[in-house]
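Fit chain B to the known structure of chain A by using the hints.
Number of protein chains: 2
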Amino acid sequence: MLENYRLDEKRKVSLQDYDPNDTAGYAGKEDVAENFAQMKEQLQDIQERLYASKTNGVLVLFQGMDCSGKDGVVKKVLSGLNPQGFRAESFKKPTGDEAAHDFLWRAHRVAPAKGHITSFNRSYYEEVLITRVHELIDKKTANSRLKHIQHFEKMLADNGIVLIKIFLHISPEFQLQKINERMENPEKLWKFDPNDLEERRYWDSYMKAYENAFKATATKTNPWHIVPSNNRWFRDYLVLKIIVSALGKLKLEYPQIDIEYMQRQVE
Amino acid sequence: MLENYRLDEKRKVSLQDYDPNDTAGYAGKEDVAENFAQMKEQLQDIQERLYASKTNGVLVLFQGMDCSGKDGVVKKVLSGLNPQGFRAESFKKPTGDEAAHDFLWRAHRVAPAKGHITSFNRSYYEEVLITRVHELIDKKTANSRLKHIQHFEKMLADNGIVLIKIFLHISPEFQLQKINERMENPEKLWKFDPNDLEERRYWDSYMKAYENAFKATATKTNPWHIVPSNNRWFRDYLVLKIIVSALGKLKLEYPQIDIEYMQRQVE
Chain A
1 MLENYRLDEK
11 RKVSLQDYDP
21 NDTAGYAGKE
31 DVAENFAQMK
41 EQLQDIQERL
51 YASKTNGVLV
61 LFQGMDCSGK
71 DGVVKKVLSG
81 LNPQGFRAES
91 FKKPTGDEAA
101 HDFLWRAHRV
111 APAKGHITSF
121 NRSYYEEVLI
131 TRVHELIDKK
141 TANSRLKHIQ
151 HFEKMLADNG
161 IVLIKIFLHI
171 SPEFQLQKIN
181 ERMENPEKLW
191 KFDPNDLEER
201 RYWDSYMKAY
211 ENAFKATATK
221 TNPWHIVPSN
231 NRWFRDYLVL
241 KIIVSALGKL
251 KLEYPQIDIE
261 YMQRQVE
Chain B
1 MLENYRLDEK
11 RKVSLQDYDP
21 NDTAGYAGKE
31 DVAENFAQMK
41 EQLQDIQERL
51 YASKTNGVLV
61 LFQGMDCSGK
71 DGVVKKVLSG
81 LNPQGFRAES
91 FKKPTGDEAA
101 HDFLWRAHRV
111 APAKGHITSF
121 NRSYYEEVLI
131 TRVHELIDKK
141 TANSRLKHIQ
151 HFEKMLADNG
161 IVLIKIFLHI
171 SPEFQLQKIN
181 ERMENPEKLW
191 KFDPNDLEER
201 RYWDSYMKAY
211 ENAFKATATK
221 TNPWHIVPSN
231 NRWFRDYLVL
241 KIIVSALGKL
251 KLEYPQIDIE
261 YMQRQVE
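Those protein sequence lines, which keep their order, are chains A and B. Number 52 in the UniProt record's numbering belongs to position 52 of the first sequence; there are no gaps in the numbering. Number 60 in the UniProt record's numbering belongs to position 60 of the second sequence; there are no gaps in the numbering.
These aren't lab readings, by the way, just hints derived from the structure by calculation. Treat the hints with caution; some may be incorrect.
If several chains are the same, the list does not tell them apart, and a pair holds so long as it fits within one copy or across any two.
[Unchecked claim] Here are the simulated EDC-like pairs of lysine to aspartate or glutamate, each with C-alpha atoms no more than 16 Å apart in a straight line: (1) K188 / D66; (2) K139 / D158; (3) K178 / E198; (4) K54 / D97; (5) K191 / E181; (6) K139 / E126; (7) K154 / D8; (8) K75 / E89; (9) K178 / D193; (10) K140 / D158; (11) K93 / E126.
Next up, chain A with everything else stripped away, as it sits in the complex (with noise of 0.2 Å):
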């Protein structure tokens, strides 16, 4: 199933075939409660796991639209790991020292040790996103960074990184919805930034540059995944799902210690 999201190596690909709506032919969330509850267990285990072994780091990274659910999930889905081991990381605009830095810079600063979990809520593609969109860069400029993208996250792959990126797919419909209940109600109005309707005339401008850093960035090592967001009980069940499988496949030990050697120091 989990392969219908999965994008794994560098193709063109239309965000319009992908269904915002799509639950995977699950009804409702009681469909897959229980089997999200077995699973965030299994990645309490895998964090204790790795976090003992420190054979790997792990990169969970969200991307969306405004209203996509990313605050949401990582609460959802990353909530009840021990916070030692995990951190959530997340990126506004770059102010200060961080523009004075080339644009992987802070992120890098940030990235998983080995050992660790760390999420990121948005991240340098913002660089070739919001920037390419508003035509800050011309797209020599996206391209080559784009190109700086790969490599870098070429290069935590090879240091043992897994790194998870996803993309959290909702329609204008939803995001619309979505803003209307937050300037409706008084406990959610804190979220609504009047600069969420500005930027949904430029809808179409985001899916083409979310388009194109798909297109450069997917590989078979560092996959992207498109997650149906408009059900939030399936965004949740979808993402917790790639995570664990993709960690299922680390072979994650406790070091080895010898016993004996242990008793004849302490004796």
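Frame of chain A, contents of chain B only:
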């Protein structure tokens, strides 16, 4: 004259073809003293304009065998810079958090921002030198890292970082003489490391690893410079000349200020 010492394309070179005693025809320190003093002033002026314009950053990277004078050259050539815009970084054996990340991570963290000059005493190149000489990594890993280095340096260049890569070239005889001086002189004894004697046995291996690194990473944009360093006065002179020449090519303008506008604000 500088082109004799510059490697700006990927090609096989033999360090044996470079004489560490070479002084480009100069007889002694006196011959270059005036020019040296002039260039130091030029460099200060360049730094000021660099800091004001913030269009570029500068990374001067020093590699060389023990006793080749990496500390000395930073002191002699880069002293006098405004410390606000200059930082000298040096890299020891990676430990803890550093070793738990990819091999470029700790260097990227301290790479210069635009407007700034940074010097590296040793660098990520150690991860294809000492590690390769002692066979801690295989040839394939070394070649993969060299490719990552080239990509990383290209990305810095794309971001306006002028990278000046300098190899301080000494002879094994010169090194032995320096080691002996360190052992005999109470004021220099602290610099002596018994390990240096051990590493001398791998001299030829080191030269091969360096040649391999030059071949993989010398490009028109990010060339290497092989600086004959048996004569320290010539080493300092040549390094300064390389830096001033590279930065002299930049168009560093003070930002345009609209004086009339400023005056209206004050009135």
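Okay, the hints, checked on the actual structure:
Within a single copy, K188 and D66 get their C-alpha atoms as close as 14 Å, which meets the 16 Å cut-off; across copies the closest is 62 Å, which misses it. In this assembly of identical chains, the alpha carbons of K139 and D158 lie at most 16 Å apart only when taken from different copies (14 Å versus 29 Å within one copy). Taking the shortest Cα distances, K178 and E198 sit within 16 Å of each other inside one copy (15 Å), while across copies they are farther apart (67 Å). In this homomeric assembly, K54 and D97 come within 16 Å of each other (Cα to Cα) only across copies, at 12 Å, whereas the closest approach inside a single copy is 31 Å.
When the C-alpha separation of K191 and E181 is checked against a cutoff of 16 Å, the pair qualifies only within one copy, where the shortest distance is 10 Å, while the shortest distance between copies is 68 Å. With identical chains, the CA atoms of K139 and E126 are at most 16 Å apart within one copy only, with a shortest distance of 14 Å there and 36 Å across copies. With identical chains, the CA atoms of K154 and D8 are at most 16 Å apart within one copy only, with a shortest distance of 13 Å there and 26 Å across copies. Proximity of K75 and E89 under a CA criterion of 16 Å is satisfied intra-copy only: 12 Å inside one chain copy versus 39 Å between copies.
Taking identical chains as interchangeable, the C-alpha atoms of K178 and D193 lie at most 16 Å apart only when both belong to the same chain, with a minimum of 12 Å there against 65 Å between chains. Taking the shortest Cα distances, K140 and D158 sit within 16 Å of each other only across copies (12 Å), while inside one copy they are farther apart (27 Å). With identical chains, the CA atoms of K93 and E126 are at most 16 Å apart within one copy only, with a shortest distance of 9 Å there and 35 Å across copies.
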